[in-house]
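Peer 1: Sequence lines, in order, name chains A and B.
The first sequence begins at 1 in this note's numbering and counts up one residue at a time.
The second sequence begins at 1 in this note's numbering and counts up one residue at a time.
These aren't lab readings, by the way, just hints derived from the structure by calculation.
Check each hint, because a few of them may be wrong.
What the hints assert, rightly or not - Subject to a maximum C-alpha distance of 27 Å in a straight line, what follows is the list of computed DSS-like cross-link-like pairs (lysine-lysine):
1. B/K100 with A/K116
2. B/K263 with B/K365
3. A/K116 with A/K169
4. A/K282 with A/K220
5. B/K98 with A/K116
6. B/K299 with B/K279
7. A/K144 with A/K169
8. A/K220 with A/K195
9. A/K116 with B/K121
10. A/K220 with A/K144
11. B/K100 with B/K201
12. B/K97 with A/K116
13. A/K169 with A/K195
14. B/K279 with A/K49
15. B/K100 with B/K121
16. A/K116 with B/K117
17. A/K116 with A/K220
18. B/K97 with B/K263
19. A/K49 with B/K365
20. A/K282 with A/K169
21. B/K365 with B/K10
Listed below are the residues making up each chain.
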Amino acid sequence: MSANPVRRIYFDHGATTPMLPEVVEAMRPYFTERCGNASSIHSFGREAKRALEEARRNVARLINADPSDIVFTSSGTESDNLAIKGTALFEGRSAGHIITSRMEHHAVLESCANLKAAGFEVSELPITNDGFVRPEDVEEAIRKDTVLISVMMANSEIGTVQPVREIGKIAQAEGIPFHTDAVQAVGKIRVDVKKDNVDLLSLSSHKFHGPKGVGALYVKSGTRIGPILHGGGHERGLRSSTENIPGIVGLGKAAQIAARDMKDCADRMRDMRDRMIDSVLKTIPDSHLNGHPVNRLAGNAHFRFDFIEGEGLVLGLDTLGVAASTGSACSTGSLAPSHVLLAMGLRHEQAHGSLRVTLGRENTHEEVSYFLDVLPGVVSKLREISPFSNEHPNGDDEGGSSVQ
Amino acid sequence: MGANSNSTQKRIYMDYAAGSPVDARALEAMMPYFSDRFGNPSSMHSSGREPRKAVDDARAKVAELVNASRKEEIIFTAGGTEGNNLAVKGAAMRARKKGKHIVTSAIEHITIINVMKALQKDGFEVTTVPVNEDGIVEVGTVEEALREDTTVVSIMYANNEIGTLQPIDEIGSLLSDRSAVFHVDAVAAAGKVPINVRQSKIDLLTVSSNDLYGPKGVGAVFARDGVPLEAVVQGGGQERGLRSGSENTPGIVGFGVAAEAAKAEMGAESKRLSELRDKLIGGILDGVDDAFLNGHRTKRLPNNANFRFRYVEGESMLLNLDMMGVSVSSSSPCTSKSLQPSHVLLACGVPTEEAQSAIQLTLGKANAEDDVDRVIEILPPIVRKLREMSPFNPENLDEMRSSAGHRERHHDH
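Using the sequences plus the hints, can you model the full thing?
Peer 2: Right under this line is the structure:
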């Protein structure tokens with residue numbers, strides 16, 4: 001039984017978000033009476049096709065792309081796979097050099113690992129202590145045979161917003177395709193594929209209140225890329241499969257709403273986040289913020305508490321009705337420390353004590369207050385039973401709260 | 001009745017193979033997972049636990065639909081296309097050190113055809129076995145095609161255009177003492193005919209949710225325990241590392257409910273549909289001269305009728321029927337844009353111009369006998385009208401020649 005059965009606070013919007021009622025509403029008819037296949041030429045098919053193209057326009061508008069450059073997929077993961085493998089393996093290419101960073105999402109890192117096994121070389125750039133890829137490192141890593149640069153727009157764990165525009169400029173000058181995994185960024189910060197000099201951009205619907213099972217890849221026209229799934233030749237031949245019309249309609253609606261509400265939501269979330277960060281660092285000894293204090297997603301706060309494990313923290317908060325996370329939800333059941341935190345130079349035991357709080361549009365200051373009320377108790381309870389805390393009494397050299 | 005009846009007539013949908021409405025129970029079951037129970041199944045906190053359980057329950061239901069031994073043998077995907085890519089590429093790539101020969105048939109779905117082409121570019125050899133004029137693969141041809149280095153045999157359960165049921169049990173037995181894995185594309189068959197992967201000795205099987213009244217954008221691959229497979233989409237390691245991507249919980253839940261309902265209701269619904277289908281086939285063949293049924297008369301899906309009408313184009317038929325409120329298809333929608341004649345009909349030995357005259361009617365839940373009656377009533381006059389103006393119709397040829405000559409004379413001015 002839960003200690004506080006009434007309250008349910010969701011602070012894990014980096015993992016997934018609830019769908020907005022308008023989004024569900026928009027999708028509903030396409031499950032039932034408008035069930036046509038967008039490739040059919042009869043009236044049911046034409047109706048589906050119209051909905052498909054309207055959604056494409058809405059998604060394009062959100063990132064300032066041309067609608068014809070939007071390819072719908074089933075997820076951010078699939079978009080990343082398509083962008084990376086589809087570019088690297090284009091027209092039978094079997095070798096080449098890829099530049100990416102150590103803080104990328106697993107979908108990017110695993111796609112690169114797959115290419116490495118197939119004969120490609122991959123440079124994983126280091127990141128700074130506060131969680132950034134340096135454009136100069138990208139520039140330095142470029143080789144004659146570099147076929148792709150892939151650097152995320154905002155980190156999924158610590159929320160740091162990367163210097164994508166500068167990296168894009170470098171890539172453009174060298175004529176190398178530039179992919180950015182913008183799954184955590186789209187719908188939360190302004191994204192402009194043209195200004196950001198991006199050739200390929202991945203986005204995922206369920207990260208901004210759209211349905212799960214839908215994503216998109218922006219593919220600037222003229223980009224040399226081939227499909228990874230073969231079939232009926234949908235989506236300009238880049239992504240075969242009968243279009244998931246209700247899902248795509250939902251994504252389109254979510255994109256429209258995100259474009260409309262983004263600024264207001266971000267302002268509110270930033271207030272809540274800053275209040276949360278200030279209070280946690282002040283009231284809880286030996287607590288730290290991972291990532292940059294301000295150059296991060298408005299809804300992201302990522303803490304580290306010495307002497308305790310993040311899992312214990314997540315479960316302790318859960319019994320009090322607060323859903324948060326240790327980092328990425330994707331590595332199912334994996335208790336390995338976060339590769340992002342390790343890349344920032346944290347030691348294993350430090351990385352283990354992390355808590356990610358990701359706010360969403362429906363969160364309130366009152367919820368933040370509740371969280372700030374209960375968190376210190378959870379932390380101190382865990383420290384009481386921690387085998388590490390005796391060895392490192394509070395107030396030693398590494399103690400005190402800090403920002404790293 | 002009469003010329004103005006089409007405006008008030010209800011729309012008749014007979015293109016269930018292209019897209020189906022979601023079963024009301026499935027949609028009902030999905031709804032909470034859009035909002036209240038929206039958590040990520042991979043999350044550690046309690047909002048992830050319920051979705052995780054829901055995904056596993058759905059997995060068990062899909063496993064039951066195909067009679068898998070364990071629910072863990074089901075891998076959720078985003079649809080039939082991804083499933084076919086995962087199963088065939090995944091199995092072929094994983095076994096590439098053992099051999100690079102694959103056997104498939106001439107009537108597979110475009111997904112399989114294009115997967116085979118991609119594998120050929122990667123150095124695989126593909127043997128495509130023919131079908132007989134009824135559109136059925138003969139087991140002997142598969143046996144003949146097998147080689148020492150054959151690693152994958154991929155034959156569909158039922159054809160998506162002409163509905164013919166393939167001799168899956170026999171091919172499964174044939175392969176049971178061979179090392180090649182047996183993949184079956186059951187996208188068109190699942191939910192319409194009973195599938196038993198154990199009895200049929202199937203190693204890999206692809207199904208799609210929307211083809212059995214589940215939501216679009218969801219599918220599954222059955223992969224028998226121990227069958228070596230490689231992922232085509234890499235990432236967070238969901239679905240035992242074989243299919244990364246945050247689970248589409250509502251979609252998967254809907255698929256599960258639809259699979260459960262299909263299994264329970266298949267017997268009665270198939271009987272009802274095959275009666276309607278037989279009435280439709282009888283009515284059309286009786287009502288139209290030079291009309292032929294594509295595929296086998298009885299060894300076909302209960303909801304599938306596919307005709308060809310000499311001297312008319314399927315596309316014109318489709319558009320004329322659409323104006324009368326009846327939605328049918330001229331071939332698979334995945335290939336309909338190409339205007340190429342169906343590769344399935346060509347493989348059955350149908351001449352090119354006749355293959356272009358085909359229309360496909362696939363029946364479903366909402367169709368009743370009066371829908372079939374109406375199609376039987378309106379289709380013959382459409383064929384007659386189109387034939388009157390068809391350049392292929394020998395009766396029109398003389399007239400065409402004389403009017404063409406007339407036009408040429410006009411040009412002399």
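Peer 1: Sort out whether A/K144 lies within 27 Å of A/K220, counting only the CA atoms.
Peer 2: holds (22 Å)
Peer 1: Is the straight-line distance between the alpha-carbon of A/K220 and that of A/K195 27 Å or less?
Peer 2: Status holds; Cα separation ~13 Å.
Peer 1: Decide if the proposed pair is consistent with the structure: B/K299 and B/K279, CA atoms, cutoff 27 Å inclusive.
Peer 2: holds (16 Å)
Peer 1: Please verify whether A/K116 and A/K220 have alpha carbons no more than 27 Å apart.
Peer 2: Judged against 27 Å, a Cα distance of about 25 Å means the pair holds.
Peer 1: Within 27 Å, alpha carbon to alpha carbon, are B/K263 and B/K365?
Peer 2: holds (15 Å)
Peer 1: Between the alpha carbons of A/K282 and A/K169, is the straight-line distance 27 Å or under?
Peer 2: violated (40 Å)
Peer 1: Taking 27 Å as the top limit, are the C-alpha atoms of B/K100 and B/K121 close enough?
Peer 2: Holds: B/K100 and B/K121 sit about 12 Å apart, inside 27 Å.
Peer 1: Is the hinted pair A/K116 and B/K117 satisfied, with a Cα-Cα distance of at most 27 Å?
Peer 2: holds (24 Å)
Peer 1: Would the hint linking A/K49 and B/K365 be met if the CA-CA limit is 27 Å?
Peer 2: holds (23 Å)
Peer 1: Hey, A/K144 versus A/K169, does the alpha-carbon distance stay inside 27 Å?
Peer 2: holds (17 Å)
Peer 1: Against the 27 Å threshold, does the CA-CA distance of A/K282 and A/K220 hold or violate the hint?
Peer 2: Distance of about 46 Å is beyond 27 Å: violated.
Peer 1: Can the restraint linking A/K116 and B/K121 be considered satisfied, given a maximum Cα separation of 27 Å?
Peer 2: Holds, at roughly 20 Å.
Comparing the model with each numbered hint stated earlier shows that hints 4, 14, 18, 20 do not hold.
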